[in-house]
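K.L.:
Sequence:
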Amino acid sequence: MLRYIWFSLGLTLIAIIVLGTYSYRTLVDTRTDIAEPKNFLESVLPEDRELEVVRPEASVSLSQLKNNILTPLSELKSLIITPPPLNLLSAAGVLDSTFTLSRAGVIAWTNVARIDKNLPPLQENSKLNEIARLRLEDMFNKQYFAHASPSGLGVSDVAGQIDYKFIVIGENLALGTFNNDQAVVKAWLDSPAHQANIEAKRYTDIGVAVQEGVFEGRRARLAVQVFGTPFDLCPEPNQALKAQIFKNKARLDSLERQLTDLKLIVEGETVTVVEEFKQIRQFNTYASEFNNLLQITQASIVEYNNQVVSFNRCAGL
Numbered sequence: 001m002l003r004y005i006w007f008s009l010g011l012t013l014i015a016i017i018v019l020g021t022y023s024y025r026t027l028v029d030t031r032t033d034i035a036e037p038k039n040f041l042e043s044v045l046p047e048d049r050e051l052e053v054v055r056p057e058a059s060v061s062l063s064q065l066k067n068n069i070l071t072p073l074s075e076l077k078s079l080i081i082t083p084p085p086l087n088l089l090s091a092a093g094v095l096d097s098t099f100t101l102s103r104a105g106v107i108a109w110t111n112v113a114r115i116d117k118n119l120p121p122l123q124e125n126s127k128l129n130e131i132a133r134l135r136l137e138d139m140f141n142k143q144y145f146a147h148a149s150p151s152g153l154g155v156s157d158v159a160g161q162i163d164y165k166f167i168v169i170g171e172n173l174a175l176g177t178f179n180n181d182q183a184v185v186k187a188w189l190d191s192p193a194h195q196a197n198i199e200a201k202r203y204t205d206i207g208v209a210v211q212e213g214v215f216e217g218r219r220a221r222l223a224v225q226v227f228g229t230p231f232d233l234c235p236e237p238n239q240a241l242k243a244q245i246f247k248n249k250a251r252l253d254s255l256e257r258q259l260t261d262l263k264l265i266v267e268g269e270t271v272t273v274v275e276e277f278k279q280i281r282q283f284n285t286y287a288s289e290f291n292n293l294l295q296i297t298q299a300s301i302v303e304y305n306n307q308v309v310s311f312n313r314c315a316g317l
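Residues in the sequence shown are numbered consecutively from 1, following the UniProt record's numbering.
Derived from the structure by calculation, the hints contain no laboratory data. Hints are supplied without guarantee of correctness; some may be wrong.
What the hints assert, rightly or not - Ranges of calculated distance between the beta carbons of each label pair, as one might list FRET restraints:
#, residue 1, residue 2, range
1, N238, V94, 54 to 60 angstroms
2, N238, E289, 22 to 28 angstroms
3, R219, S310, 48 to 54 angstroms
4, E216, I162, 27 to 33 angstroms
5, S310, D157, 25 to 31 angstroms
6, P120, P192, 17 to 23 angstroms
7, E75, P192, 26 to 32 angstroms
8, T260, N238, 30 to 36 angstroms
9, Q298, E124, 44 to 50 angstroms
10, A243, P192, 39 to 45 angstroms
11, G93, K201, 35 to 41 angstroms
12, T100, A148, 25 to 31 angstroms
13, V309, G213, 44 to 50 angstroms
14, A148, R219, 22 to 28 angstroms
Glycine included, every Cβ here is placed at the ideal spot set by N, Cα and C.
Let the sequences and hints guide you as you build the complete structure.
P.N.:
Okay, structure coming up:
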């Protein structure tokens, strides 16, 4: 009986050992089926974790919103005043070579006319003298009498060539056989348009050139008055601010393209939930930058436009 009991216990122990070994091996062989933790972005998101899309702050399209903000940049005003050239050569007599014209005399008689109208005298300006000289020589050399050369260049173009920045610039031309400086100025004063140029309050400076030469086969005297008000008379709007505005516009253009592309992806039928989540996060980042940059650019444009208004008011334009 005792031997039977011991035999039964031995069989039971062997069964336990065999069963334990089998279970361990089964666990080892199947351990690769245990799911590894996934990155959150790669896992399927519960509905309560979906992101809300940040919309650009407008009910209009991005392009329309951007254009509504960025187009009203005010421009600095400038004036170019050129009354029709005063050609008195055909009605003039023969030129008397005993008389000459002078720059100083023409400027002096011009200021006499201004003072008679209770206007401040104009200051002689070396750059305006140079502009007048270049214009006069060009007309004699190319045999034309006009505010624009045969190639289309005028007083403002010559001003740019010698780096004279102006708020307003004007030119009076006279061709004839004038016997003295006063006669030239009187001829201009007898012409309402030229008189208005001489007596304009907007000018501060003057330059003059006079010369005798041959024009269309006749001896003649040509006189050029150039009036101007320099650009630095008034505070110039901040050009760095203007450059930043256009830099912002370029960035807004780029953001608009990226937002449009992402919107198409998110709304596509083939996009997976994981991909949609990634694209929405990127969309929200770009949309927030777009909205913030748009507000900054709005404020910059208002600031720049106010500066332009102040400049134009100072210039009397």
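K.L.:
Kindly indicate which numbered hints from before are broken by the structure, ordering the numbers from low to high.
P.N.:
none
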